[in-house]
Amino acid sequence: MKIINLDHISSKPLIPEVKQAMIDAINNDYGNPSSQHRKGEQAAEALANARESVAGLLHANTPKEIVFTSGGTESVNHAIKGVAWANAEKGKHIITTNIEHNSVIRSCKRLKSQGFTITSVSVDNKGRVDPQDIAKAITDDTILVSVMHANNETGTLQPIEEIAKITREKKIIFHTDAVDSVGVMPFDVQKMGADLVSFAANTFYGPTGAGGLYIRRGTMIWPLLDGGVQEASKRGGTENLLGIIGMGVAADQARQHMNSRLVHLEKLKNKLVTELPNYIDEYIINTPLDHSLPNLVSVSVKYIEGESVMLMLDDEDIAVSTRSACATGSLRASHVLMSIGLDHADAQGTLVICYGVDNAEEDITKFLDALKNIVVTLRDISPLYNKTH
Amino acid sequence: MYSKTVMDHFRNPRNVGVIEDANGVGEVGNPLCGDMMTIYLKIKDDAIDDIKFQTFGCGSAIAVSSMLTEIAKGKPVSEAKNITNKDVANALEGLPKNKLHCSNLGADALQMAIKDYEARKEGKAPAEIKRKETHEHSPDGKCYCPYCDIEIQEEAPFCKACQSDLVEDHH
Numbered sequence: 328m329k330i331i332n333l334d335h336i337s338s339k340p341l342i343p344e345v346k347q348a349m350i351d352a353i354n355n356d357y358g359n360p361s362s363q364h365r366k367g368e369q370a371a372e373a374l375a376n377a378r379e380s381v382a383g384l385l386h387a388n389t390p391k392e393i394v395f396t397s398g399g400t401e402s403v404n405h406a407i408k409g410v411a412w413a414n415a416e417k418g419k420h421i422i423t424t425n426i427e428h429n430s431v432i433r434s435c436k437r438l439k440s441q442g443f444t445i446t447s448v449s450v451d452n453k454g455r456v457d458p459q460d461i462a463k464a465i466t467d468d469t470i471l472v473s474v475m476h477a478n479n480e481t482g483t484l485q486p487i488e489e490i491a492k493i494t495r496e497k498k499i500i501f502h503t504d505a506v507d508s509v510g511v512m513p514f515d516v517q518k519m520g521a522d523l524v525s526f527a528a529n530t531f532y533g534p535t536g537a538g539g540l541y542i543r544r545g546t547m548i549w550p551l552l553d554g555g556v557q558e559a560s561k562r563g564g565t566e567n568l569l570g571i572i573g574m575g576v577a578a579d580q581a582r583q584h585m586n587s588r589l590v591h592l593e594k595l596k597n598k599l600v601t602e603l604p605n606y607i608d609e610y611i612i613n614t615p616l617d618h619s620l621p622n623l624v625s626v627s628v629k630y631i632e633g634e635s636v637m638l639m640l641d642d643e644d645i646a647v648s649t650r651s652a653c654a655t656g657s658l659r660a661s662h663v664l665m666s667i668g669l670d671h672a673d674a675q676g677t678l679v680i681c682y683g684v685d686n687a688e689e690d691i692t693k694f695l696d697a698l699k700n701i702v703v704t705l706r707d708i709s710p711l712y713n714k715t716h
Numbered sequence: 226m227y228s229k230t231v232m233d234h235f236r237n238p239r240n241v242g243v244i245e246d247a248n249g250v251g252e253v254g255n256p257l258c259g260d261m262m263t264i265y266l267k268i269k270d271d272a273i274d275d276i277k278f279q280t281f282g283c284g285s286a287i288a289v290s291s292m293l294t295e296i297a298k299g300k301p302v303s304e305a306k307n308i309t310n311k312d313v314a315n316a317l318e319g320l321p322k323n324k325l326h327c328s329n330l331g332a333d334a335l336q337m338a339i340k341d342y343e344a345r346k347e348g349k350a351p352a353e354i355k356r357k358e359t360h361e362h363s364p365d366g367k368c369y370c371p372y373c374d375i376e377i378q379e380e381a382p383f384c385k386a387c388q389s390d391l392v393e394d395h396h
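Residue numbers (this note's numbering), protein chains in the order written: chain U, 328 to 716; chain W, 226 to 396.
Some clues are possibly wrong.
Said to hold, decoys possible - To give an idea of the interface, some chain W residues facing chain U are shown, with a C-beta separation under 10 Å as derived from the structure: (1) PHE235; (2) VAL243; (3) ILE244; (4) ASN248; (5) THR263; (6) LYS267; (7) ASP271; (8) PHE278; (9) PHE281; (10) ALA286; (11) ILE296; (12) VAL302; (13) ILE308.
I should point out that these hints are in silico values taken from the structure, not numbers from a laboratory. Glycine included, each C-beta is placed from N, C-alpha and C at the ideal position.
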């Protein structure tokens, strides 16, 4: 049975071009890119090609500004800890926001226990940070500002360009976690102005376990992984060549098909948002539609809990993600949904619907049909619904 | 993640609904904790003649409610008083470790409903029962982080290894 994947935020499929490139790479039996014999040189060439493709996707000045990593989490850890360690003599203050991914939050928390101070700036009810709040938080001790580009729970986009203008003027390093936007929508590092950009291959239909960190030339940063001289001494360890080759092809495909993909995603988004009221009532759309990712809609369905909805949709061969506390390991309400002012009960009923190039309009219709019945079933059981109706 | 029995009770919950002329009602949890459960009892001749539930919560919370009603239905009140959350979890062939506290409220709701029944019978206000939120120690007396399983050395509000908060902030 084919499962309709509306959980692209968790995992995107490999597109055929990426699969083929990775199969070819396996059959090629590459050597170690650091070896000087021919097998090594062939591997180094494949690595260089992938780096060029990825640099092209981000509009980097030179492929040298791309460091390959094991994915978004490593990139974020590298950016934050690497900058903190390298600049600790200059200052020990870091500014971030309260809607970041756990990789940012926990990297900062770790640094806090090592003597750094962290300021976490609030967002408005649309999940947007005010660049002036960042400016106000800057002190003489500030060495790093880290603000995510697109939020993974609501799809909200942050004003990265405006924040970059502030940090550049103050000569403070600026990192953006763009793991959910790079490859989905245009991302030009020259225009955006960030010094460090974290991204992941799976976001643009490449393999998991491969990602990268854009490091603008001249940025003071230490490696996260100490070891050999790979990645221009910025990341020790033999490169994940198969994954990186896949990422290179995925980057080329993303660049070539960016416009047609965006048209398709906007069509699905419009269909979902405009038809939803024909199927269910009493819900909240958490995604600011004019300022968000093209491929994600967050909906809080009142009086019911998200994990139950997710499990019932799974029975109908539809995969979605939920931000209900019940579905997380920590069982805590989402910090992002709390930050935009949702109450606990509404946060519990939150679904994240994230679609991609492999979805058709028909998939949205099937989802809405299934959702309608599930909402009726669960509201029928719910004491919250029955108290208010 | 869930056992077959949990999924069966989640997909086909037994005894869902409200008993309009219930003579014992118990309600536990609040949306802050993630789960809410209401148990309705119709007690006749000191035995549970009918039992129904309403639940706002995850798959495991719904399965717990359903299983509890099956266990309790038909039992004399004196026997039903001995039903514990652990009995319900065992009947469901276990629940994920992190769900044992939050969603396993069924027996608490039942005990509250029985107290409510007894209070009504005696014309008193229903007594409040306190939920146990005990922090479980392993048989060797040591404490382990429920998230990363690393031994916790001291009473700390969070696990230094994985940085998870360990203090319950539920109300």
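Verification of the hints:
Annotation: interface hint on PHE235 (chain W) holds; nearest CB of chain U at approximately 7 Å, less than 10 Å. Interface restraint check for VAL243 (chain W): the shortest CB-CB distance to chain U comes to about 7 Å, inside 10 Å, so the restraint holds. Interface hint at ILE244 (chain W): violated, since its Cβ lies 13 Å from the closest Cβ of chain U, which is beyond the 10 Å cut-off. With a least beta-carbon distance of about 19 Å to chain U, the hint placing ASN248 (chain W) at the interface is violated under the 10 Å criterion.
Here the hint on THR263 (chain W) is kept, as its CB sits about 5 Å from the closest CB of chain U, short of 10 Å. Interface restraint check for LYS267 (chain W): the shortest CB-CB distance to chain U comes to about 18 Å, outside 10 Å, so the restraint is violated. Hint status for ASP271 (chain W): violated, given a least beta-carbon distance of 27 Å to chain U, over 10 Å. With 10 Å as the threshold, the beta carbon of PHE278 (chain W) comes within range of chain U, its nearest partner Cβ sitting at about 8 Å, so the hint holds.
Given the 10 Å rule on beta carbons, the hint for PHE281 (chain W) holds: about 5 Å separates it from the nearest Cβ of chain U. Against a cut-off of 10 Å between C-beta atoms, the interface hint on ALA286 (chain W) holds, since the closest Cβ of chain U lies about 8 Å away. Look at ILE296 (chain W): its Cβ only gets to about 19 Å from chain U, farther than 10 Å, so that hint breaks. For VAL302 (chain W), the interface hint is violated, since its Cβ never comes within 10 Å of a Cβ in chain U; the closest pair sits about 23 Å apart.
The interface hint given for ILE308 (chain W) is broken, as the beta carbon of that residue sits about 21 Å from the closest beta carbon of chain U, more than 10 Å.
When each numbered hint is compared with the structure, violations occur for hints 3, 4, 6, 7, 11, 12 and 13.
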